[in-house]
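> Make a model of the complete structure from these sequences and hints.
For the record, the sequence lines run as chains U and V.
Going by my numbering, the first sequence opens with residue 1, and the numbers climb by one from there.
Going by my numbering, the second sequence opens with residue 192, and the numbers climb by one from there.
No incorrect hints appear here.
Listed below are the simulated BS3-like cross-link pairs for lysine-lysine, each with C-alpha atoms no more than 25 Å apart in a straight line:
| hint | chain 1 | residue 1 | chain 2 | residue 2 |
| --- | --- | --- | --- | --- |
| 1 | U | K126 | U | K104 |
| 2 | U | K98 | U | K182 |
| 3 | U | K52 | V | K329 |
| 4 | U | K126 | U | K98 |
| 5 | U | K67 | V | K249 |
| 6 | U | K98 | U | K171 |
| 7 | U | K171 | U | K104 |
| 8 | V | K269 | U | K67 |
| 9 | U | K182 | U | K171 |
| 10 | V | K269 | U | K98 |
| 11 | U | K126 | U | K171 |
| 12 | U | K52 | U | K171 |
Just so you know, the hints here were simulated from the structure itself, not pulled from any lab data.
Note that this is a predicted model, so its numbers are computed, not measured.
One-letter residues, chain by chain:
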Amino acid sequence: MPITLPASEVTAVKRHGNRLRILSAILSILLLSACQPKIPREALMLTPESLKHRQLQTRRFETADEKRVLSACAALLQDLGFTIEESETELGVLLGCKTRSAVKAAQVVGAVLFAVMTGIIMSVDKDQLMRASVVTRPADPGHHIVRVTFQRIVFNTMGHVCRMEMISDVKIYEDFFERLSKAVFLEAQGV
Amino acid sequence: MMRGFFRTVVLKGSKWLLFLSLFLFMACATTHERLMDAGMSPVQLRNMQSRVFETAEKERTMRTVIATLQDLGFIIDKADLDLGSVTGTKLNTYALRMTVTVCPRGESHLVIRANAQFNIEPVVDPQPYVSFFASLEKAMFLKAQAVE
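Given below as structure tokens:
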């Protein structure tokens with residue numbers, strides 16, 4: 001036989017249920033905020049990838065004048081639309097930045113179709129901040145080594161960061177060094 | 192009936208709003224204190240983040256620090272020879288920012304100190320610093336000593 005509770009007790013049970021739900025929500029918020037990702041073990045370790053990246057990002061130039069190489073690098077960064085944000089000639093350091101569009105047609109089409117089907121508006125990539133770091137250092141007598149690294153931070157239409165990464169596209173680095181070789185040659189010729 | 196439904200929704204909403212405001216209020220009351228928050232005792236922190244190298248060549252050491260940071264995937268944001276500081280950022284789905292300072296100690300030693308920030312948290316775990324100095328030792332061909 002089913003047990004029927006008086007109306008006052010039913011209300012008390014409901015209130016208790018509500019309290020439990022609120023408490024569990026608070027607990028989940030606290031737990032979520034405690035679950036911040038930790039630094040990965042390999043973040044500051046040299047890996048086989050490190051050597052690959054070094055080879056990709058480094059070239060040796062036959063010139064004894066470090067300032068001339070740096071100045072050619074600065075001119076090349078300007079050619080590519082970067083603004084020089086930081087430079088320290090004593091240590092051979094240059095940093096350039098530029099902001100460009102990150103809109104991808106396929107992603108926008110996908111988001112529009114998704115919105116039509118579900119009514120939910122998805123955020124898509126909008127802008128990207130691109131950073132180029134150039135470091136020069138003396139090698140054997142009469143030679144200098146140039147290492148360039150590119151990174152990008154992508155922002156979506158909500159203004160949130162959706163991607164942070166090092167650019168490791170071989171073609172980009174090859175293109176950069178090809179242009180730098182020409183620029184160093186032109187600098188040497190005083191053009 | 193509709194009015195009753197909206198009333199319930201508004202009442203439930205206001206309860207949640209109250210809790211949300213309480214959380215926001217609690218957060219506002221404490222965040223500025225983090226400015227002076229070191230995370231652990233200054234002596235412990237300094238010991239974990241510093242090593243002594245037996246060399247007096249500041250410029251060469253700084254160039255080696257820069258090369259090591261690049262090998263670890265950082266790009267160099269700032270460098271200053273006079274101040275002896277180098278700052279770099281590594282982006283790999285996370286943002287790891289690190290400053291390394293090189294200061295002379297006596298006539299034949301340099302103290303190298305590194306401090307890192309992972310996303311929005313300071314790195315207070317000794318292991319990443321041990322890994323960093325192990326990489327730096329290899330690049331410098333010198334043994335790092337703990338700071339006394």
